[in-house]
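Given these sequences and hints, build the entire structure.
Protein chains: 2
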Amino acid sequence: MAITVVGSVAYDSIETPAGRKDRCLGGAATYFSLAASFFTDVRVIAVVGEAVFNARHIDTRGIEHAPGKSFFWEGSYLENLNEAKTRITDLNVFASFEPKIPEAYRDSEFLFLANIDPVLQRRVRESMPDVKLVAGDTMNYWIKDHRPALLQVLKGLDILLINDTEARMLAGNNNLVQAARGVLALGPQTLIVKHGEYGATAFFSSHSFDPKGETADHAFRAPALPLEEVVDPTGAGDSFAGGFFGYLASQPELTPAVFRRAMFYGSVMGSYACERFGTERLQQLSRKEIDDRFIVFRELTHLD
Amino acid sequence: MAITVVGSVAYDSIETPAGRKDRCLGGAATYFSLAASFFTDVRVIAVVGEAVFNARHIDTRGIEHAPGKSFFWEGSYLENLNEAKTRITDLNVFASFEPKIPEAYRDSEFLFLANIDPVLQRRVRESMPDVKLVAGDTMNYWIKDHRPALLQVLKGLDILLINDTEARMLAGNNNLVQAARGVLALGPQTLIVKHGEYGATAFFSSHSFDPKGETADHAFRAPALPLEEVVDPTGAGDSFAGGFFGYLASQPELTPAVFRRAMFYGSVMGSYACERFGTERLQQLSRKEIDDRFIVFRELTHLD
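In the order they appear, the protein sequences are chains A and B. Just so you know, our numbering puts 17 at position 17 of the first sequence, and the rest follows in order with no gaps. Just so you know, our numbering puts 551 at position 247 of the second sequence, and the rest follows in order with no gaps.
Honestly, the hints are just simulated from the structure, not real lab data. A quick note: this is a predicted structure, and the numbers were derived from the prediction, not measured. Treat the hints with care, since some could be wrong.
As the list claims (entries may be wrong) - Now the stretches of chain B that chain A is said to cover, found in silico as 3 or more residues with beta-carbon under 8 Å:
#1 478-488
#2 500-506
#3 529-541
#4 561-574
#5 599-608
By construction, the Cβ of each residue, glycine as well, lies at the ideal position given by its N, Cα and C atoms.
Written out as C-alpha cells, the structure reads:
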C-alpha cells in the first residue's frame, strides 16, 4: 500500500565529533521517504528551491519547485551527540509552503505528517479523508507555542511518534507512563515515544487500531542498536518513522505481531541513518542489509 | 549455589516527588541481598552500629556489630528522579570497616563486591580465591580518585555492573560500545551497563565466561519496565545486581540463555524496588510476583 508523506526537504550542514558535512540532503520528509521506500511506495509532498532528489522508488510529483532557495539547516552535535544545537535555520521557500496534493497521490492508504506547522498537517489530513492509517510527528516548538492547532491534528492521528521530552511536555507530566496516557487521551490511538540511543516504546489506548484489542495496555519496547560510531544522528527519528510506517504499509494486515516487527524495522532504519552523514547510508542500503540487522536486533533482545 | 556479598548496610532518609521517608533500611548490600535471596542463599559481610535486619534467608553472621551508629545517607530525588542529590553522608561505623569473612561463608561459589572502597573489595576477593564467579560494582568517586586500586579489582572480576556515566568515565570514551570495549580490556569478561529507566546492556569480551564463546561480540539488552509511579529509585541498581546474580547462582550451568534470563530477572527486581520507599517492596515480594513480571518483560520486548 502507498504512503503519502508531507514534510520538509532541506539542505543540512552538520558538524559532529566525526567531522563536518556541508549542504547534504536532509529534511524529515527526505529521511522518512528513503527509509520507507525499502518497504513500500512513497509519495512526497514538499517544497524545494532547486532540484534536490530523485532516488529509489519515491514519487516526487508532489514536490513543488518554488523560486528561491531550499530550506537550509545547520546544526552541531559537538557538545551532545543526542541533541543537535541549531546554528542556522533558513526557511527560504519553506516559509510560504502550501502543500498541494497531486491527484495521483489521492488513493494512498497511508499518510505520514512529518514535523511541520500543525495547520498544514491538518489541512493535508482533511484533504485525504479516506486514508486507512495516519501517523505524525511534531516538536517542542509546536507543543509550546501552537498548542490549539496541534490538538486539532492529534484528534485525526492514529499514531503519534515523538521523543521523551516532547511526550512529557505535551502531557505536562514527568512520568512517562502517565504522560503516555495523557497523550493518548488527546486523540492518537497509539503513541510511540522515541528514546534516542535507548530505542522506542509504544503505548496503546483501549481503542487501539488493533481490532482484537490485544495490544491495549501492553507497552512494547524496541531497542536501539549500540553503535560503534555514531557519525551523524540527524534524521534518525524520521528514519525510524519511515521504516516503521513503511513496513506497516507493506503488510496485508495490521496485527500486533506486525506492529512489533514494524517497531524493530524502525529501529533498524534509525541505526543505519546514524552510520554516515545525512542520508548517505540510507541511499546505499540494501534490503538484505536491513533484514540482516533485523536479526541482530532480535538477538539483542530475545531470551531464546 | 551460595553468594557472599560485601558492601554497605545503612539507614537512608529519602525524599522523592512521592513523599519522604526517614531512616529506612538501605545500603547496597541490603538491596542486593534481599533481591538475590529470592533465587539462592545469600551471605552478607558488612558493618552496622545497631541491629538492623533479619529477614528472608539471608545469612547475617558476617555483619559485624561495631560500637557507634550505622552508616546514614540522606538524599533527594525532588529535582531529578534519575539521580539522587546527596544531602548527608555519615559513614559512622562504616568509616573503619574491615571486612571479615566468617568460616561458614568460605564455600560460597559466588561473590559480589558491592560499591565500597576498592581496597576492601580486593582484600575480600583475595580471601576467597576459589569462588566460581565474581561480580562487582563501583562508582564515579572510586573511578576518579582511586583508579589504581580500582584497576586491581577489575582484574579479578568476571562481571562488572556500572551505569552509563561510570562506563564512559572509566574508559574515557563517550561512545558506549567503544567505552565497553575499553572497560573489558581492563579485566572483566562481561560488562553490564545500567541505563536506569531504559534497562541495561551486557557486553562480552572474547574470553567471556561462556565456555562456548557464543555470546562474544553479541551485546544483549534487557529493558526496564515503564512504571506508572516511581516512588523511590534508591537501590534499583543494587536490586538489579541481586536479581541478576541471584538467578545466575540458582542455575546449575552458566549458558548464554541463563545469562539472558538473569538480565531480565535483574530488571524485574529493579522495577519492584522502585515501587515503594527503601526496601519495603522487596521485603513483601513473592516469587510468584517475580515470575509474573518476568512474563510482562518478555511481552514488552519479544516479537512473537
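Do the hints match the structure? See the list:
no., hint, in the structure
1, 478-488, "holds (count 6)"
2, 500-506, "holds (count 4)"
3, 529-541, "holds (count 5)"
4, 561-574, "holds (count 4)"
5, 599-608, "holds (count 7)"
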